[in-house]
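Here the protein sequences come in this chain order: A and B. Mapping of the first sequence onto this note's numbering: position 377 corresponds to residue 377, and the numbering continues sequentially without gaps. Mapping of the second sequence onto this note's numbering: position 63 corresponds to residue 455, and the numbering continues sequentially without gaps.
Since the hints were derived computationally from the structure, they do not count as laboratory data. Worth double-checking, as some hints may not be accurate.
[Unchecked claim] No farther apart than 20 Å at their CA atoms in a straight line, the calculated lysine-lysine pairs in the PhoX-like style are these:
| id | chain 1 | residue 1 | chain 2 | residue 2 |
| --- | --- | --- | --- | --- |
| 1 | B | Lys442 | B | Lys474 |
| 2 | A | Lys50 | B | Lys474 |
| 3 | B | Lys442 | A | Lys325 |
[Unchecked claim] Anything over 10 Å on all C-beta distances counts as not near chain B; from chain A, calculated:
| id | residue |
| --- | --- |
| 4 | Phe39 |
| 5 | Cys75 |
| 6 | Asp115 |
Cβ coordinates follow ideal geometry from the N, Cα and C atoms, glycine included.
2 protein chains.
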Amino acid sequence: MKTPLGYRYAATYAGIRKENKDDLALIVSDRPASAAAVFTRNNVQAAPVKVAKRHLRASGGLVRAVLVNAGNANCATRTGEKVALACCRAAARMLDAPVEQVLPASTGVIGVELDAEPILRALPRLCQRLSEDGFAEAARAIMTTDTVPKMAFGEVPLLEGTVHIAGMTKGSGMIHPNLATTLAFVMTDAAIPPTRLRTLLLPAVERSYHRLTVDGDTSTNDTILLLANGASGVRPDPKEQLVFGEVLAWVLEDLAEKIARDGEGARKLISIYVSGARDDDQAARLARAIASSPLVKTAIAGSDPNWGRILSAAGNAGVEFDPTKVEIYLQGVCVCRNGVAEPFSEPELKQKLDEKEVVIRFHLRGRGQGRARFWTCDLTEDYVRINGSYRT
Amino acid sequence: MKTPLGYRYAATYAGIRKENKDDLALIVSDRPASAAAVFTRNNVQAAPVKVAKRHLRASGGLVRAVLVNAGNANCATRTGEKVALACCRAAARMLDAPVEQVLPASTGVIGVELDAEPILRALPRLCQRLSEDGFAEAARAIMTTDTVPKMAFGEVPLLEGTVHIAGMTKGSGMIHPNLATTLAFVMTDAAIPPTRLRTLLLPAVERSYHRLTVDGDTSTNDTILLLANGASGVRPDPKEQLVFGEVLAWVLEDLAEKIARDGEGARKLISIYVSGARDDDQAARLARAIASSPLVKTAIAGSDPNWGRILSAAGNAGVEFDPTKVEIYLQGVCVCRNGVAEPFSEPELKQKLDEKEVVIRFHLRGRGQGRARFWTCDLTEDYVRINGSYRT
Numbered sequence: 001m002k003t004p005l006g007y008r009y010a011a012t013y014a015g016i017r018k019e020n021k022d023d024l025a026l027i028v029s030d031r032p033a034s035a036a037a038v039f040t041r042n043n044v045q046a047a048p049v050k051v052a053k054r055h056l057r058a059s060g061g062l063v064r065a066v067l068v069n070a071g072n073a074n075c076a077t078r079t080g081e082k083v084a085l086a087c088c089r090a091a092a093r094m095l096d097a098p099v100e101q102v103l104p105a106s107t108g109v110i111g112v113e114l115d116a117e118p119i120l121r122a123l124p125r126l127c128q129r130l131s132e133d134g135f136a137e138a139a140r141a142i143m144t145t146d147t148v149p150k151m152a153f154g155e156v157p158l159l160e161g162t163v164h165i166a167g168m169t170k171g172s173g174m175i176h177p178n179l180a181t182t183l184a185f186v187m188t189d190a191a192i193p194p195t196r197l198r199t200l201l202l203p204a205v206e207r208s209y210h211r212l213t214v215d216g217d218t219s220t221n222d223t224i225l226l227l228a229n230g231a232s233g234v235r236p237d238p239k240e241q242l243v244f245g246e247v248l249a250w251v252l253e254d255l256a257e258k259i260a261r262d263g264e265g266a267r268k269l270i271s272i273y274v275s276g277a278r279d280d281d282q283a284a285r286l287a288r289a290i291a292s293s294p295l296v297k298t299a300i301a302g303s304d305p306n307w308g309r310i311l312s313a314a315g316n317a318g319v320e321f322d323p324t325k326v327e328i329y330l331q332g333v334c335v336c337r338n339g340v341a342e343p344f345s346e347p348e349l350k351q352k353l354d355e356k357e358v359v360i361r362f363h364l365r366g367r368g369q370g371r372a373r374f375w376t377c378d379l380t381e382d383y384v385r386i387n388g389s390y391r392t
Numbered sequence: 393m394k395t396p397l398g399y400r401y402a403a404t405y406a407g408i409r410k411e412n413k414d415d416l417a418l419i420v421s422d423r424p425a426s427a428a429a430v431f432t433r434n435n436v437q438a439a440p441v442k443v444a445k446r447h448l449r450a451s452g453g454l455v456r457a458v459l460v461n462a463g464n465a466n467c468a469t470r471t472g473e474k475v476a477l478a479c480c481r482a483a484a485r486m487l488d489a490p491v492e493q494v495l496p497a498s499t500g501v502i503g504v505e506l507d508a509e510p511i512l513r514a515l516p517r518l519c520q521r522l523s524e525d526g527f528a529e530a531a532r533a534i535m536t537t538d539t540v541p542k543m544a545f546g547e548v549p550l551l552e553g554t555v556h557i558a559g560m561t562k563g564s565g566m567i568h569p570n571l572a573t574t575l576a577f578v579m580t581d582a583a584i585p586p587t588r589l590r591t592l593l594l595p596a597v598e599r600s601y602h603r604l605t606v607d608g609d610t611s612t613n614d615t616i617l618l619l620a621n622g623a624s625g626v627r628p629d630p631k632e633q634l635v636f637g638e639v640l641a642w643v644l645e646d647l648a649e650k651i652a653r654d655g656e657g658a659r660k661l662i663s664i665y666v667s668g669a670r671d672d673d674q675a676a677r678l679a680r681a682i683a684s685s686p687l688v689k690t691a692i693a694g695s696d697p698n699w700g701r702i703l704s705a706a707g708n709a710g711v712e713f714d715p716t717k718v719e720i721y722l723q724g725v726c727v728c729r730n731g732v733a734e735p736f737s738e739p740e741l742k743q744k745l746d747e748k749e750v751v752i753r754f755h756l757r758g759r760g761q762g763r764a765r766f767w768t769c770d771l772t773e774d775y776v777r778i779n780g781s782y783r784t
């Protein structure tokens, strides 16, 4: 699928992480793009988050470039904001852009000073390498414990022409790796003003990144950024914007699912569908409670059809329901009806649970039409291994 | 230490669990005891919880006996309440007590019908075995994945004489095992009426069981029961009741700490002290957020002084604080001051973190006097192993 017009990308190894693997990415729009963003709600916010917020306010929501580093979160650092600002300033100079139109983003270990020098040294070659074809390299450079780069694409045929959407993301599905950070950068060549862009981004994030469990742990650096540079020349009218918003949500859902699939130590993607709740919000709360339960996740890791854990996790969602109206399906097999055990073939279901994708359905009878989908992954011994020795 | 007067205990293997290990316990007071209880807030409640609540209401808070089984939670079962009631009725007959003065409690797998037969068959020999010295056997019979029985004792010298407190508990520190259930039975020979007993139990539970993380997972069967049978003949006056309440809290704290220490797969007890918060409630929320973070727990498992995870977890507590006023100590070593890294010897601290008990201190400067203590345990690969195959 085509990437949006008017963007260029580059990546390089600046030396921020020890391993010789690209750790610096630059995304550039050839003209100021409208921007909308969602940032972490953690009370502790990394320097790049603070600087990015300030820049968006100062520029009135216009962005020319995003400079992303992996390997260091630049959080809880003495010189954090100064470093982030110095890097933005250098990039702005090279791109001939106002500094407030350059946003920084970081991911990696926190509490370690980020050195500006290697980044400043890498910037000239980064700018030289900028290319319309650099999308995948940039997606690869922002990875931390991710095992694969994560990208998703969409296109929206409209009356005036087709607009394109391309997103890259990083992060662990189950829990933010190293505290650390879901980043997502989504570009489109549609022409949409910043305020309108925001009203399109929020519901799409609600359906995607907010339906991905990260054990309630919000990192200090989480950033989801949407850019619309209008390079396609297509300006969706209000009705077309709704279609655009739908495709945008698909792209974000695709990215979120890829994060869950690549969760740290994960062997299985778990999709949770809740239906029959009073409303969508209650369905989402039930789904979140099931998806967040370590007991459910370890059971799935062990291919154990322990549906009692699912029922009990739902019981902790803070949502009232009648347990005798609950139906639970694992891989399409009904294991609980009217809140009690439904006979099933244990060896057959165990075999089905060995698959790479596990689907849990939780249905409430006679309550309402509320539905929600949630993603998570299984909790394996590898997760503990990865996180017990990440820093050292 | 002496156990309270006027109680007898017994345990036997009824055949509820496969393994030949006592799975049925009976606690009997020789006279009706005042009772106060805290039950699970899970929306899904096991049959014994429902029956116990009903009995407490019907008896006006008087209890003669508690019948506890391990190996089956009797939750999400078709015949659950009937079975629980039949067992209470049989025990009541043998003890010559009103049925509403017999409370049931269960722990184990959920969604599997509990068979009354083996319990009814075991009851006569259980009653025969009742003895003042049976406390430890009863504590052992209620274990599930616990590796040691958990007991704590206290005594309160008062004007009229000394009263005794003895508690037994079971449960996994980190997460309820098999969804499953913290049970605590605390007996005293003080004479205190039921309503007053409740006002003493609630703050003691707040300081103990509510300061023990279980990953937000409340089981369907959680029960904390306090009995006061007055067999000592000592009736604490209102002032003395406060002293009694303090010792009661110590006993419950002792039990809660033992649960954390014996968490599933745990190698380390983690104690978290938060100080300098606006008030105790905010301190408790900060402590709970730190204690609940799988990233903090895996770091401690790996003896990794990754204080950034502690800072970020605190940032997710929903409590506002100034990150530049944070001090973090690990094993007494300051690793973060003013919200940024404080130099420390990494090999030395890693060695200290290898100890069986880890202390995390999180202090806010200039905010207030609020403090809280919390317990949890490290998150190890063994935890995943245990929970991936509990049921099958």
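Quiz item: Which of the listed hints are not met by the structure?
Solution: 2 and 5
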